[in-house]
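Given the coordinates of chain A, assemble chains B, C and D onto it according to the supplied hints.
Protein chains: 4
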Amino acid sequence: MKIFTQIGSLSCPDKLGIVADVAGFLKQEGGFILESNQFGDVTTGNFFMRTEFIPQAGAPPFDSLKERFKPIADYFQMQWELHRLTEKPRVMIMVSCLGHCLNALLNKAQMNNLQMEIPCIVSNHPDLKTMANGYQTPFHHLPLSSETKEQQEEQVLALVEEHRIDLIVLARYMQILSPSFVEKMKGKIINIHHSFLPSFKGAKPYHQAHNLGVKLIGATAHYVSEILDEGPIIEQEVTRVDHTASPEELVTIGQDIETIVLARAVKWHIERRVFLNGAKTVVFR
Amino acid sequence: MKIFTQIGSLSCPDKLGIVADVAGFLKQEGGFILESNQFGDVTTGNFFMRTEFIPQAGAPPFDSLKERFKPIADYFQMQWELHRLTEKPRVMIMVSCLGHCLNALLNKAQMNNLQMEIPCIVSNHPDLKTMANGYQTPFHHLPLSSETKEQQEEQVLALVEEHRIDLIVLARYMQILSPSFVEKMKGKIINIHHSFLPSFKGAKPYHQAHNLGVKLIGATAHYVSEILDEGPIIEQEVTRVDHTASPEELVTIGQDIETIVLARAVKWHIERRVFLNGAKTVVFR
Amino acid sequence: MKIFTQIGSLSCPDKLGIVADVAGFLKQEGGFILESNQFGDVTTGNFFMRTEFIPQAGAPPFDSLKERFKPIADYFQMQWELHRLTEKPRVMIMVSCLGHCLNALLNKAQMNNLQMEIPCIVSNHPDLKTMANGYQTPFHHLPLSSETKEQQEEQVLALVEEHRIDLIVLARYMQILSPSFVEKMKGKIINIHHSFLPSFKGAKPYHQAHNLGVKLIGATAHYVSEILDEGPIIEQEVTRVDHTASPEELVTIGQDIETIVLARAVKWHIERRVFLNGAKTVVFR
Amino acid sequence: MKIFTQIGSLSCPDKLGIVADVAGFLKQEGGFILESNQFGDVTTGNFFMRTEFIPQAGAPPFDSLKERFKPIADYFQMQWELHRLTEKPRVMIMVSCLGHCLNALLNKAQMNNLQMEIPCIVSNHPDLKTMANGYQTPFHHLPLSSETKEQQEEQVLALVEEHRIDLIVLARYMQILSPSFVEKMKGKIINIHHSFLPSFKGAKPYHQAHNLGVKLIGATAHYVSEILDEGPIIEQEVTRVDHTASPEELVTIGQDIETIVLARAVKWHIERRVFLNGAKTVVFR
Chain A
183 MKIFTQIGSL SCPDKLGIVA DVAGFLKQEG GFILESNQFG DVTTGNFFMR
233 TEFIPQAGAP PFDSLKERFK PIADYFQMQW ELHRLTEKPR VMIMVSCLGH
283 CLNALLNKAQ MNNLQMEIPC IVSNHPDLKT MANGYQTPFH HLPLSSETKE
333 QQEEQVLALV EEHRIDLIVL ARYMQILSPS FVEKMKGKII NIHHSFLPSF
383 KGAKPYHQAH NLGVKLIGAT AHYVSEILDE GPIIEQEVTR VDHTASPEEL
433 VTIGQDIETI VLARAVKWHI ERRVFLNGAK TVVFR
Chain B
183 MKIFTQIGSL SCPDKLGIVA DVAGFLKQEG GFILESNQFG DVTTGNFFMR
233 TEFIPQAGAP PFDSLKERFK PIADYFQMQW ELHRLTEKPR VMIMVSCLGH
283 CLNALLNKAQ MNNLQMEIPC IVSNHPDLKT MANGYQTPFH HLPLSSETKE
333 QQEEQVLALV EEHRIDLIVL ARYMQILSPS FVEKMKGKII NIHHSFLPSF
383 KGAKPYHQAH NLGVKLIGAT AHYVSEILDE GPIIEQEVTR VDHTASPEEL
433 VTIGQDIETI VLARAVKWHI ERRVFLNGAK TVVFR
Chain C
183 MKIFTQIGSL SCPDKLGIVA DVAGFLKQEG GFILESNQFG DVTTGNFFMR
233 TEFIPQAGAP PFDSLKERFK PIADYFQMQW ELHRLTEKPR VMIMVSCLGH
283 CLNALLNKAQ MNNLQMEIPC IVSNHPDLKT MANGYQTPFH HLPLSSETKE
333 QQEEQVLALV EEHRIDLIVL ARYMQILSPS FVEKMKGKII NIHHSFLPSF
383 KGAKPYHQAH NLGVKLIGAT AHYVSEILDE GPIIEQEVTR VDHTASPEEL
433 VTIGQDIETI VLARAVKWHI ERRVFLNGAK TVVFR
Chain D
183 MKIFTQIGSL SCPDKLGIVA DVAGFLKQEG GFILESNQFG DVTTGNFFMR
233 TEFIPQAGAP PFDSLKERFK PIADYFQMQW ELHRLTEKPR VMIMVSCLGH
283 CLNALLNKAQ MNNLQMEIPC IVSNHPDLKT MANGYQTPFH HLPLSSETKE
333 QQEEQVLALV EEHRIDLIVL ARYMQILSPS FVEKMKGKII NIHHSFLPSF
383 KGAKPYHQAH NLGVKLIGAT AHYVSEILDE GPIIEQEVTR VDHTASPEEL
433 VTIGQDIETI VLARAVKWHI ERRVFLNGAK TVVFR
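Protein chains in written order, with the numbering used here: chain A, 183 to 467; chain B, 183 to 467; chain C, 183 to 467; chain D, 183 to 467.
Pulled out of the complex, with its shape left as it was, chain A reads as follows (with noise of 0.2 Å):
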């Protein structure tokens, strides 16, 4: 059954109605609601919706659905797409040297719990070679140093371009893209950040963290933005430390941290369920 489900997603100005029109339309045109949420941002005054459905026998083929929605989306001047279910999302995963993020996807995408194609993973290392070899995955190494970095991040979009991608995942990617990289593929770079943030910004999180003595470490996966670990915020997590953790110990305790909220954030986005709002995330989970 999961094979015909669609799913629709929209944001817009919130008034009165649009949950009303938006049912009513899939319900005229034959589609069997599996899961739907919304929420209107009162200090925005933004409305956010998602929905799977099913189309039902007799439903019109999909390009005829995208049409015929055109007039409400219009009317309520709504940002929009339409997805098939089996449309799986082309991801670039780009890392350095350590290895625990690139190894937790790789093994979920062929598992089928992350429903993507991972056509290529760059890399300024040549580090992970073997384990992209080992899931068959194409690897490019791409080095770079501070002349290099605008030659290299051309190769970047090149590949970005090729293999037709949909999203960066930055997974333990340890160097920063220039604004211009940023700007040109703007909420589809997930970047994963080794702190809770705001705290701990920058370089060394979890040193900074065995400094201050904090009782619990964190990972964020954010959309990357101009400015270094600002990003509108996709998912969080900690888990608990004590003072007999060195920051070497930190760091190891934090990777598997790491390793799920990047997970959760990516799967969340190829399923469509994190929309941005201003400087921050909707996520319906």
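Heads up, a few of these hints could be off.
Unchecked claim - Lysine to any residue pairs mimicking SDA-like chemistry, simulated, CA-CA at most 20 Å apart: (1) Lys197(A) x Leu216(B); (2) Lys449(A) x Tyr317(D); (3) Lys462(C) x His425(A); (4) Lys449(A) x Ile435(D); (5) Lys449(B) x Arg422(C); (6) Lys197(C) x Tyr317(D); (7) Lys197(D) x Pro237(C); (8) Lys311(A) x Tyr317(D); (9) Lys209(A) x Phe258(B); (10) Lys383(A) x Glu408(A); (11) Lys370(C) x Gln337(C).
What the hints assert, rightly or not - Label pairs and their in silico Cβ distance ranges: (12) Gly227(D) x Arg346(B): 56 to 62 Å; (13) Gly227(D) x Lys368(C): 42 to 48 Å; (14) Asp309(D) x Leu267(C): 55 to 61 Å; (15) Leu339(B) x Gly369(D): 53 to 59 Å; (16) Lys248(D) x Gly369(C): 39 to 45 Å; (17) Arg346(D) x Leu267(C): 46 to 52 Å; (18) Gly369(D) x Met356(C): 51 to 57 Å; (19) Glu344(B) x Gly384(C): 47 to 53 Å.
Claimed, not checked - Chain B regions said to be covered by chain C (calculated; three or more residues, Cβ under 8 Å): (20) 235-248; (21) 272-285; (22) 433-439.
What the hints contain is simulated information worked out from the structure, not anything from laboratory work.
Ideal Cβ placement from N, Cα and C applies to all residues, glycine included.
This is chains B, C and D only, laid out in the frame that chain A set:
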């Protein structure tokens, strides 16, 4: 704005068009949706929906709204209710000797974190009378022996009638209610059991947990059914313990979890977020 | 058995043989160890130890034991204390208008889950007098303006002296204490801050959290130092929230976390499980 | 510094002076204590101790240290072991078709987060051979039917002998080991069960959880005993779910918990932090 808010909740056999018709009705009647949740259970074929909305200027009065919704309700064979947020449910709390749950519930009601009236507290022991007095809440000491159980329950039911009680909360009331009492108040009694059910039903669950050496202990809030500790689960939570904790320490550690779990379940019930779904619940958090 | 228990706690520069000499001393004096924890901090070179033990039949009296331990303490340059578990610390609780933390502390003290005396409660507002009365605890309303701050703090210090206060707990006391007050009670004031520090210091942390869209909110119990919200952290906890929670709802949700975190910190302090280690703490849970 | 670290672990009937004599011995032999934990179980009268220490300059060689400790061990009737941290335990991993646990264990071993050798992987199915190859680890496909079970277990035991295996990890090996196999490897087999035991023993625990409508699902790592899913529990963890999750989604959500719980249990075992205490464990985390 909250003071005008109305909450509609319904369940019925799942079918094409329920959301459309409910949302369409609200649009037509000038009801602006603040929050809406729905869930169709594919295993049982039941559908559940809860909507918070604000009547716009010119919307029909409350009673008229109810009348006008009837045809839709009838068509879909709905069990349904419509409430004003200002109608506070009337809650009887039953306790024995331990006051941690009662103490939290009284405080939360006083701080308006739980929007409910507490017309009376009932106990089979006198110990918590002082606490009830501290919160200016009437306390009925109704002692109980195996011979007087029937009589005592009649006294409780008389109080239920007198005070038009909507919900009974067993806040560590260490007595088993008779099947006829439970039957009369079906779906209107919430109990807190001091284990993570289905583990450790019955007496002394923390001692059972200690004997087995579990690494987390928990608590479960559930509706009371005719079978001990088996009613539909509303909420559960756990906390970490280790080998050093004696059974007595587990009792103490667990009290915080019991307090939180029970308060959450009561909150969700009185906000009409909990639906019975066979032997389980649907909770729109 | 617990009633004879004694607790020794010490810190000193780390060195070969500390555990050997302390444990050897206890063996010789007939002290049966119930629980013992030690920690050597390799970054600072400090060593910390806490031991609960029971004097066996024939063991020397308490004061004599202290006398006989002095040579070992002197040799290792220890800061140390020896307590009987029956000596309950005397705790002053300071509050403003919000009573959730006070309510829990009073209840836990009454149920003997927190082994402490509460000779008095101090507040700059009269609101919580009824709650204090309900628990038969003296309540001092000492109002405060920018002009009278110095005077008011002197009144508080007079109460500290009169009641031989060992610990001040700021249970949502929404005032900043003067540096001289803090200096006088160094390491003896525990505050609860309603955020997961170091994030969201200062005023309205839940509003700050809402603005940023974090996915978990938290609370931090810490010793008060001269810099606002920067003293050594004793305990932290978080809870999950999402985009639907308004700042006001975050305030309410957070209160449970504040209550638990503060109660744990107070418990560990009065059980002498917390040691200052520079700007951090060592907590033997 | 870590490379010289030695770990002593012991258990014996509790008695006055054990810590004193062990710590006194280490002091005399020049062993600088890095970390030390002890626990006396008042219900069973057993005492447990684990100490990490570094031999100072001039300390006796490892084998000589063992010899010199014997008199103390004999006096207190200790079961004891002394290890160098550099001796990596040799671990066999057994799997069936699901690779999430294996994938994490292999990655953690490769990143040196789990300090162990993995001389071989054994499976009754061929599916995970590619994953094993990706980590350059020998994979033995030993299929199994009810007729060939005895034979297959003999093959496994032959591998255990050949590779001098210290620990078998059942990483979702969906077979029940025979009592004689379990007896031979007592205390040396760790299993991950995909429920929060004692709830939902046996087959399809996530389906059982779904039927009951629990609000948290969990996983349990335990030593294998002759009774299915009843051996001493090493570690447990849970995660929140709600009414929307189908049994299949519970399976997927639970895999992250299984992975983490099993990895923690293996880590603590190989760091010699886990002690059997009757039907329970003592874990010095």
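> Looking back at the hints listed earlier, which ones does the structure fail to meet?
Replying inline: 2, 6 and 20
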